[in-house]
Amino acid sequence: MSDPAERLMLRIADGGAVVAVVGLGYVGLPLVRHFLAAGHPVIALDSNPEKTAALLRGESPLPHLPGDWIAPAVDGGRLRPSTDPAVLSDADAVIICVPTPLTGHREPDLSHVRAAADAAAQALRPGQLIVLESTTWPGTTEEVLRPLLEAGGLRAGEDFFLAFSPEREDPGNRTHALPDIPKVVGGATPACAGAASALYGRVFKTVVPVSSPAAAEMSKLLENIFRSVNIALVNELKMLCDRMGIDVWEVIDAAATKPF
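Take the sequence shown: its position 7, counting from 1, is numbered 7 in our numbering, and each next residue is one higher.
In short, the hints are calculated from the structure, not lab data.
Treat the hints with care, since some could be wrong.
What the hints assert, rightly or not - Here are the simulated distance ranges between beta carbons:
| id | residue 1 | residue 2 | range |
| --- | --- | --- | --- |
| 1 | 49 | 75 | 18 to 24 Å |
| 2 | 57 | 233 | 43 to 49 Å |
| 3 | 237 | 107 | 28 to 34 Å |
All of these numbers come straight from a predicted model, not from anything done at the bench.
Every residue, glycine too, gets a C-beta built ideally from N, C-alpha and C.
Use the sequences and the hints to build the structure in full.
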């Protein structure tokens, strides 16, 4: 294990690693909350000043997320909301949770990801861990983020650490708490995977390492595809049941009794 990796792993293990979360939406803000609960100092970065101002007032910018944990963390100096990307230089780990919408031509819009990666690259220093959580196409971490981050001369897996870990947040879900949802992690190198797994192990009960960032990226697409296909299937079944005078919910409940 290289010296940068050793230092990072020690800081993660003792709770001293500063975690920066970029993007304070339904994915990023719960991570802020849980890393604080795990004992880590947290930088909460967002380009929207209304979100950071809400945190500074001790309020949650998300309606579904209670904010009682915010004021004590801000007042105690453990939570540092900011709109200035320069604060990323103070972080040991940077987790990018920005939106990835589609363009008008139904193509992935990576402008937010690129902007976040550029900000991380400007602040990058040896020993840092950079993780992308935003949903995107397989290859983004290696083909888009890595060149931007390595442009300054530091190398992933040697000088800094790079990984992809797909978000699995379900806003408002009270059945499955975030730490209970297994966390998939794909590192650019084994050292990268080890660092990211150690970090997420501070919050998540189960960490699932995969062989590469691309495998982790593809796993997220499979989850989304599986969900969309099943929604479409049941919508079609509902229309058929309506035409035949059958209660679709009765059919679903009956089918759900199969134990395998």
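How the hints compare with the structure:
1. 49 to 75: 18 to 24 Å: This hint holds: roughly 20 Å between Cβ atoms.
2. 57 to 233: 43 to 49 Å: holds (45 Å)
3. 237 to 107: 28 to 34 Å: holds (31 Å)
The structure agrees with every numbered hint stated previously.
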